[in-house]
Amino acid sequence: MSVELWTIGFVALTFALYLYIGWWSRVRDSSGFYVAGQGVPPIANGAATAADWMSAASFISMAGLISFLGYDGSIYLMGWTGGYVLLALLLAPYLRKFGKYTVPDFVGDRYYSNVARLVAVVAALFVSLTYVAGQMRGVGIVFSRFLQVDIATGVIIGMVIVAFFSVLGGMKGITWTQVAQYCILIVAFLIPASAIALLLTGNPIPQLAFTFSDIVANLNQVQLDLGFQEYTQPFANKTQLDVLFITIALMVGTAGLPHVIVRFYTVPDVRAARYSAGWALLFIALLYTSAPALATFARYNLINSLHNQTIGEVRQLDWANKWERTKLLAFDDKNNNGRFELTPDTATNEITIDPDIIVLSTPEVARLAPWVIAIVAAGGLAAALSTASGLLLVISSSVAHDIYYRILKPDATEKQRVFVGRIMVGFAVALAGYFGINPPGFVAQVVAFAFGLAAASFFPVIILGIFDKRTNREGAIAGMIAGLLFTIFYIVGVKFSGMTPWFFGVSAEGIGTLGMIINFIVTLVVSRLTPPPPLAVQEMVEDLRSPSGELPPEAVH
Amino acid sequence: MDKDRSQAYWRANIALIRNLLIVWALVSLIFSILLVEPLNAIQLGRVPLGFWMAQQGSILTFVVLIFIYAVQMDRLDRKYGIRK
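Read top to bottom, the protein sequences are chains A and B. FYI, my numbering numbers position 450 of the first sequence as 450, with every residue one higher than the one before it. Whatever position you read off the second sequence (first residue = 1), add 557 for my numbering.
Calculated directly from the structure, the hints in this document are not laboratory data. Any given hint could be a false lead.
To be verified - Cβ pair distances, simulated, as ranges:
hint, chain 1, residue 1, chain 2, residue 2, range
1, A, L535, B, G602, 55 to 61 Å
2, A, K322, B, V628, 48 to 54 Å
3, B, G638, A, D214, 22 to 28 Å
4, A, A536, B, G638, 25 to 31 Å
Claimed, not checked - DSSO-like mimics (lysine-lysine), calculated; alpha carbons at most 27 Å apart, straight line:
hint, chain 1, residue 1, chain 2, residue 2
5, B, K560, A, K97
6, A, K322, B, K560
7, A, K327, A, K495
8, A, K327, A, K97
9, A, K322, B, K636
10, A, K100, B, K560
11, A, K100, A, K327
12, A, K495, A, K97
13, A, K495, B, K636
Claimed, not checked - Where chain B lies over chain A, by a calculated footprint (3+ residues, C-beta under 8 Å):
hint, region
14, 276 to 282
15, 298 to 309
Here the structure is a predicted model, which is why all the values come from computation and not from measurement. A virtual CB, placed ideally from N, CA and C, is assigned to each residue, including glycine.
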């Protein structure tokens, strides 16, 4: 059976499963729609969080980026997992104790202000839209290669599926679909990683093969021979300061991502929130410790199978021809010696490899069976769709819950609230589909912006809201606006208007760290210069800090 | 819970968080980024230690830190009678 047939089979099978779960978990009330009735067990929530959080960028792009960046790729590994520690220790238990539906809910109630709520809604929309754009490009890439349809058709298929289970099932549908998606994506990632580890080193466990075989040393040597830096050489592509700033921005950004935070509202109690954070990171670590191993193996293998081969030999590689058609792989025999050579210099380099193809092409490069390749395609789609659905729910609840219910129409009935939520999901799906067909840029890079913006806006006000009783409304609003404006200005300036990075050369990806520091300083200073928060709010903070019981309703107006 | 006990509980919580975050920063920001070059002079298995910390060791440490937090908080909850 051909790769295409296997792929269609697996994709149809997994989509049928998602649709079934969506139908099975359909909901009627707003608690079910927004927080899955708060009855999700910690392990399931951990798996759902892992799927929610591991996006197309983690599954498709990350290993590829690491493969090209070597040591410097560690920013993604440590940034995205390290943020989880901040989330687990500093945010998750307290937000669960708070027990409402969204992050703007917390911000609005803690800072007793609809202006603060609105700023938080705008920031949540900003972060989620930036992020969802990246997911849709991921869906497009997978479909265009594996189903040989054009990207627009692929995106529309994906959108119909997501719309079905999120409109019908809300958070409950999304949660259980994400549990299924986690299982599919992790199997899809580990099979090729383990197969290629076995092939190259004789050890099927990628983490051990990576550490105890001589593959890393061999790759270092191959890189040096071709004129590259050693693979393990730190700061070959980025300065030490930039690596530090990007890592911190990704850590803090992860902790501030609204679609991840909201997952901790779905578990039964504070204790479950603590454990589910641990399960989530354990599940994530399965992929995140395999990815750097896969990155190393893939780079070694790719160089070996393409570099210095004759044109005839390369043309016989079926996978190389197929990827060439997507324009993500390109050959050009510049010196007309009949061989393709890989060099660090763009003037003489004859092989151009887009980082996005590393994971997806690995099984084919390593000549694994067609069904493995199909599983990887299904896994890539699971990763992209699970994150997209989580984001769509945040977008819809930001508008339907935070703006419509909490600000515009506080007397709305259950039915109206769920109805508006469903309409907003539909609207968000259409918007995401548009981004998928007209992608704004490179997957992981776009996602990096979302992290920078999350770091600069949410993180400080949530942390201070819990750990500093003196932080008040005026401080929080000023801080969020200052952090967000500065970070957007710097990113847009550097990325789109040709501004040179002026803060010690820190790149657009890392500037969220400075945005966060600005936010902290502005919030603390403005809070001290203005009156303290009302007593009821101070008591609410006191109460957040104790894991027992529910919050008294009068504390949260 | 009376005020003194709840303040003691909160202080113990903060101390635990602080200690775990020190380890968090040590393995990631300090060992894996600021001190990566000197650590790379040492080999772990067949790879340089600093590189291994950045790509494997720090992630494994993070997982352990969160579970230590959850278990220690359970103990704290029991000690202060928040949960039976």
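Each hint, compared with the structure:
no.	hint	in the structure
1	L535(A) x G602(B): 55 to 61 Å	holds (58 Å)
2	K322(A) x V628(B): 48 to 54 Å	holds (50 Å)
3	G638(B) x D214(A): 22 to 28 Å	violated (56 Å)
4	A536(A) x G638(B): 25 to 31 Å	holds (26 Å)
5	K560(B) x K97(A)	holds (19 Å)
6	K322(A) x K560(B)	violated (68 Å)
7	K327(A) x K495(A)	holds (24 Å)
8	K327(A) x K97(A)	violated (50 Å)
9	K322(A) x K636(B)	violated (63 Å)
10	K100(A) x K560(B)	holds (26 Å)
11	K100(A) x K327(A)	violated (47 Å)
12	K495(A) x K97(A)	violated (40 Å)
13	K495(A) x K636(B)	violated (53 Å)
14	276 to 282	holds (count 4)
15	298 to 309	violated (count 0)
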